[in-house]
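Trainee: Residue numbers (the working numbering), protein chains in the order written: chain A, 1 to 277; chain B, 1 to 211.
Among the hints, a few may not be true.
What the hints assert, rightly or not - Footprint (simulated), chain A over chain B, 3 or more residues, beta carbon under 8 Å:
1. 116 to 123
2. 126 to 133
3. 149 to 156
4. 173 to 180
5. 196 to 209
No lab work stands behind these hints: they were computed from the structure. A virtual CB, placed ideally from N, CA and C, is assigned to each residue, including glycine.
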Amino acid sequence: MSIWERFDRIDARWIYLFMALALILPVLRPIGMPMSVNPQLTQPFYDWIEKELPPNSLVIMDAAYSGGSAAECDPQMAANFRHLMKKGHKVVLIAQWELGARLSKNVVDAVAREVGAVYGRDYVVAGWRAGGTPWMRSLQDDFWAGMTGVDIDGTSLGEFPLMQRLKAIKPDQVAGIIIYSAGSPGISTYTQFFPEFPLYVGNVAVQVPGNMPLLQARQVLGMLSGLRGAAEYEKLIGEPGRATKLMDAQSVAHMLIIILIVLGNIGYIVKNRQKSA
Amino acid sequence: MRREVPIFIATVVALYAFVWQVSHHAWNTGWLTQTDLWRTFMVQVAVFLGAINLTRLHANNIRRRREHWIFSVICIVVLWSYMALGMLGNGLFTSGGNNLPTYRWIHDAMLVPIDSAIFSLLAFFIASAAYRAFRVRTREATAMLVVAVIIMLSNVPVGEVIWSKFPTLGQWILKFPNAAGMRGIQIGVFLGTFAATLRLFLGLERKYLGA
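Build out the structure end to end from the sequences listed, making use of the hints.
Mentor: Written out as structure tokens, the structure is:
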């Protein structure tokens, strides 16, 4: 068997080894490749917070993801939250996914410590409640009742000055919604039941193609696409963080996959020619 | 009556579900808000029934010593002990159980890393699967391969280093051919669902009656 034919059947264990190296080495020795900002996905998201939100706006954030997608959604949320706090806006965090509630609290608490945001005054993490879409819709009518009157840690919402501004998710109280979504329930809750709110989305990359029609129809006004979207947002706010650091690893991993595809096809073509000869 | 009553109930429920789906605002529909509370309660009941059903299933595995029955033991122990810790940890029904440091530690130090680790294995499986699947066997497969490579390169900085137009090209593919295809799929799914619902409304669909 020639070397070209061997490319047709590379042992999976070699592929796993190369992939591990492709992911680990760039994290240890960053390359720092240049990166542009997507003008249709990331830039409108940034412009909304930077230029369009009225001062002291209240924004709802929804953590509809779990640990498996935290690598993509956590940096997105951290960058957005940092930007919102720096601009003096307020955030109330809810979660359509149970695991997202605690994950998102860890993310925003860490950023809040860095930017000096105060829990209860600048942001509140209300958390997750069982009930699915009916529960989400009940928040339109009475947010406090829907949340059983307490935040994620069981503290009464009455103790937080910020919550005096939010009695229900209605347009006169909420300036917009940002959802970090890894699946269902997720974006469709808002496109269906909250259509009058400006909706921005932090997506896992694999969901982006499926959600492009929503962006085209302007049901979604801006979108962060996976880790790349988070890195672009970090670039826009001038605070490179975890996503920026991991972009080199993603670059090398994608290149490895492309090289493997090319090698596999060379092996496949050579083998077929020898067969037909 | 054995047929008419179930058909009547199914039609009323289908009508309710339809009105519920197209009524966007709870604040405009007071009576729907009330039924939202009922539905929320029923979701909790469904979760509880799910837990009981899961327990029965795994208890059966243990009783019959089926293959890997030890995992069924772990499943039942984790399910009920974690639930009990959350519900009773700070005293019976005080609703503060998930504030317990132990409860949170199990979540932060076990559940999240396990979830992340399982998902991160995808990076390895996708690399191996892409290597095996993306072959120029047919024209359609070749088109898919080319598009996949463009999208991969448009999503990472190295693509821009190779050719500055990769992000624009990738965005164009997502925005037009992809969005058009996705719309077609979504409209097809909607029409199929609508047809199925209509059959239920009109009493043409009777399989749920055992017909």
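Trainee: Each hint: holds or not?
Mentor: Here is what the structure says about each hint:
Coverage of the region 116 to 123 of chain B by chain A holds in this model, with 5 residues showing a Cβ closer than 8 Å to a Cβ of that chain against a need of three. Counting residues of the region 126 to 133 of chain B whose beta carbon lies closer than 8 Å to any beta carbon of chain A gives 6, which meets the minimum of three for the stated coverage. Only when three residues or more bring their CB closer than 8 Å to a CB of chain A does the claim for the region 149 to 156 of chain B stand; here the count is 5, and the claim holds. By the rule of at least three residues with a Cβ nearer than 8 Å to a Cβ of chain A, the coverage given for the region 173 to 180 of chain B holds, with 4 such residues.
Coverage of the region 196 to 209 of chain B by chain A is violated [criterion: at least 3 residues with CB-CB distance below 8 Å; count 0].
When held up to the earlier numbered hints, the structure conflicts with hint 5 and nothing else.
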